[in-house]
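So the sequences go chain by chain: A and B.
Numbers 853 to 1123, taken from this note's numbering, label the letters of the first sequence in order.
Numbers 466 to 950, taken from this note's numbering, label the letters of the second sequence in order.
Treat the hints with care, as some may be off.
[Claimed, not checked] Which stretches of chain A does chain B cover? Using the computed rule of at least three CB atoms under 8 angstroms from a CB of chain B, they are:
{"id": "1", "stretch": "905-918"}
{"id": "2", "stretch": "970-976"}
{"id": "3", "stretch": "982-992"}
{"id": "4", "stretch": "1027-1037"}
{"id": "5", "stretch": "1065-1077"}
Honestly, the hints are just simulated from the structure, not real lab data.
Beta carbons: idealized from backbone N, C-alpha and C, even for Gly.
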Amino acid sequence: MAEEAAVRAQADTVRRLKQDKADPDEIAKEVAKLLEMKAQLGEDEGKHKFVLKTPKGTRDYGPKQMAIRERAFNAIISCFKRHGAEVIDTPVFELKETLTGKYGEDSKLIYDLKDQGGELLSLRYDLTVPFARYLAMNKITNIKRYHIAKVYRRDNPAMTRGRYREFYQCDFDIAGQFDPMIPDAECLKIVHEILSDLQLGDFVIKVNDRRILDGMFAVCGVPDSKFRTICSSVDKLDKVPWEEVRSEMVGEKGLSPEAADRIGEYVQLHG
Amino acid sequence: MAEEAAVRAQADTVRRLKQDKADPDEIAKEVAKLLEMKAQLGEDEGKHKFVLKTPKGTRDYGPKQMAIRERAFNAIISCFKRHGAEVIDTPVFELKETLTGKYGEDSKLIYDLKDQGGELLSLRYDLTVPFARYLAMNKITNIKRYHIAKVYRRDNPAMTRGRYREFYQCDFDIAGQFDPMIPDAECLKIVHEILSDLQLGDFLIKVNDRRILNGVFAVCGVPESKFIPACSTVDKLDKVPWEEVRSEMVGEKGLSPEAADRIGEYVQLHGGLELIERLLQDPKLSQNKLAKEGLGDMKLLFEYLTLFGITGKISFDLSLARGLDYYTGVIFEAVLLQQENEHVEEPVSVGSVAGGGRYDGLVGMFDPKGRKVPCVGVSIGIERIFSILEQRLEASGEKLRTTETQVLVATPQKNLLPARLKLISELWDAGIKAEMLYKKDPKLLKQLQYCEDTGIPLAAIVGEQELADGVVKLRDVATREEVRM
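Please work from the sequences and hints to get the whole structure.
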């Protein structure tokens, strides 16, 4: 680099002065300058080394992993294509304001870009908000599209449990005003086809409806203002037993024990 | 959201107070509270609207553009695979320190992430530095790999000329200590294959060598400290005439006029094996160790390229310098030549579509012990290629399909949705690409129109008659021929 060339030039200078048997003070001065430049270069070289790692929560995909990934993507993409989906792609970052106010509590997990004098930007958190922005921007009223790309979330990755800060999402969406439940049914058919194709073993697709949930809360005496928070408690039923969920609803979320019991009669049902 | 629910709750409260004929002051108080909450919600709703644009220098790829992109990538990837390359992927951002000190002047174009309390990160600027980091990190001494991914540069995009801040790079690199110039020749063969496959028209691959350039500077009396500034000035010769380059060297970069003139005698040369032989005999250059080495390797390269049969499109060009600091040996750049009509004397280059070279020192910068892994590679300028393909498609009027659907399942009468769903499901389960309209009772004409609009070649029609007969009517949308099956 320029510094190394400068050091060599200075070394040439010193050599020449010595050859020409120049004034010893002048030689000493140029030698001191050379040593200082070398020390500076050493420091710079040190700065050129660095920590051999990828950022926290991210990883490289080596050839073997890419081969596995290609297999999975081929199965998924051929299913999307079989159903007539188009494909789109969007930038890795959006204007910060595009993402603001869309993710609730999770907003603190968004990666922001540094303010470098231009627009304020953030890395995309999912593919759904960019999709909505794309539809609005292009005044599209109906489309069936898939989008496979990486998204970014600054949470605490538990690498061994497969949680990363940079990870792929594979989205399929149908936008448009259609007759009820036909596109909804196709989405479920697609999930079924993909999971079957990938031969991951037996699987179940759980289905519910926000309207049924809200109706249930209403008839069980849950105040409107508590719907969302009770919803998130109920959502934990796949990981923790009913007793724990019930005590969270009563103890932390301020629900009456009677309402909690009534909810319990419904939410444990499936079929 | 929670605020909307709170507003509804407050509205309920007001309604109840009014029904119960409560104290008017209390009603007034609660009404005021409700209005305030509604105003707040209105403000929040404003914040919920979308700013309808992508960031400066970036764009969405809609279905038509993705179709073009897929075509280009298929040609490129099949070439890489034909040559036995593996594929890797790396994160979109690196530790800031990984990218620091690698790009010289261009470092100011790097996108940094905000310091949010963790590691300092930057978006990758190219795929070469991440590659070197990957090699050093995994102690890999040889690999032939390709990597296709987006990179990020904060420069001033000239959108109309296909320059963006987020754009794809298509890199192919061979890392490892091998016999001279064989992998280098393969890189050039790959560029030749890709540009030929994509049928972008006539092209030229300019080749030079950093050692030859530095040798030329040395014998022309350029001080070592000025090699790099001289290099970047010479690099401009593909865009500006020699006089301008010469005056920048003398006026701005502080070169002596004599040195500049001597440089001019060399850097305006281009040719093939004969030029290499001539320079090997050049009295000044043959005294310079570095130039001799570079010329010797260049001769070897041309011999291999002759065996590959591609020298017709290769030019040894002494004005080629290439911006990046990390090249140590052969460098090359492919340009498309535009020939508007037969009357054009000298084909005009319309911009570079691929570039690369040998960079033997980069991995060593990452390795704690400074272990060197020599590398040579090429980056295909896929964005420029997309632009060209897009323009060509528009000009040709060819309609590119954005789906691969083979058949539309259609029903002509009412109440046949169940039959449609059943049939389409059978087709999907058999691996056939099929679609249907999301309407309970669509008109046949609308369904056939959909086929025409989206390019679906066949329609599988099942009406009351067909159901009764246990058949399906398969219709060729274009010819309107029908077959019962």
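Check your understanding: Taking each numbered hint in turn, which are not upheld by the structure, reported in ascending numerical order?
Key -> none
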